[in-house]
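Please model the complete structure; the sequences and the hints are all you need to start from.
Take a look at the letters that make up each chain.
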Amino acid sequence: MTVLFVALGGGLGAILRFLTDRRVQAWRKSAFPWGTLTVNVVGSAILGALTGWALHGGQPDTVRALLAVGFCGGLTTFSTFGYETLLLFTGKRRARAVLYVGVTMAAGIGAAAIGLLIASAIWR
Amino acid sequence: MAEPASVPRPRWDAFAAIGAGGALGSLARYGLSVAVPHSPGRFPLSTFATNVSGCLLIGVLTALLTAAKKPHRLLRPFLGVGILGGYTTFSTYATDTLDLVTAGRPFTGLAYAFATVAAALVAVYAGHEITRAVRK
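Listed in order, the protein sequences are those of chains A and B. Heads up: the first sequence begins at 1 in this note's numbering, then just goes up one per residue. Heads up: the second sequence begins at 1 in this note's numbering, then just goes up one per residue.
Quick caveat, the hints were computed from the structure, so don't treat them as lab data. There may be inaccurate statements among the hints.
Said to hold, decoys possible - Chain B stretches covered by chain A per the calculated footprint, using a threshold of three residues with CB under 8 Å from any CB of chain A:
1. 16-26
2. 52-61
3. 84-90
4. 118-127
Where is the CB? At the ideal position from N, CA and C, for every residue including glycine.
Following this line, the structure appears as structure tokens:
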């Protein structure tokens, strides 16, 4: 069953990533990868909250498989982040590439911390 | 990946390809995490390997798709957005970094955070350039 939930969550997460990226990039017409940044930050916040729930309360295995492993893993991406950084860098936008990496790391890890803190406050 | 706003609306089969790819990629990532278990407070080896190998593969894939004369329109959604997007993960990278910091190993956490990004970026570049060189 776990395998089924991982696959379902991963498929839905990937589709939502695609839709979010299209919507955000159409809205923010810029060469900065706002779409991928958005899914990575939001997904990290959600996984932070799920981790806090798992640490403090009894989280069903189903939730972990469907949402933590599947959905958050499918929604967020490292490969697109890496490729976009390469594109910025080789496209002579080196400062923007460095900024993209720095902002993604700081905002992603920060969002995970906020999610973890909020969930820890709820489930303690 | 950034696209111009004027691109046509994706057809249903693009969503099916992305969903199926995302499911397969997530299963591969899950399989690797089961095969190489991660104990809390230790270096997250399986997620590190997943993200670096996924970055190597996106470099290979994008080089192949750029060089192809007329790649099938579902190849990129299925392999790139779906499989490699579902296989790699940023959220677990972020929470694993936090896990190391809260476990009292902030230096391992920092090392993990920067080593993953450095190795992943080198992998994308290497995958892209080696593929281009081989195809010439």
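Here's how the hints hold up against the structure:
no. : hint    : verdict
1   : 16-26   : holds (count 9)
2   : 52-61   : holds (count 5)
3   : 84-90   : holds (count 7)
4   : 118-127 : holds (count 5)
Comparing the model with each numbered hint stated earlier shows that all of them hold.
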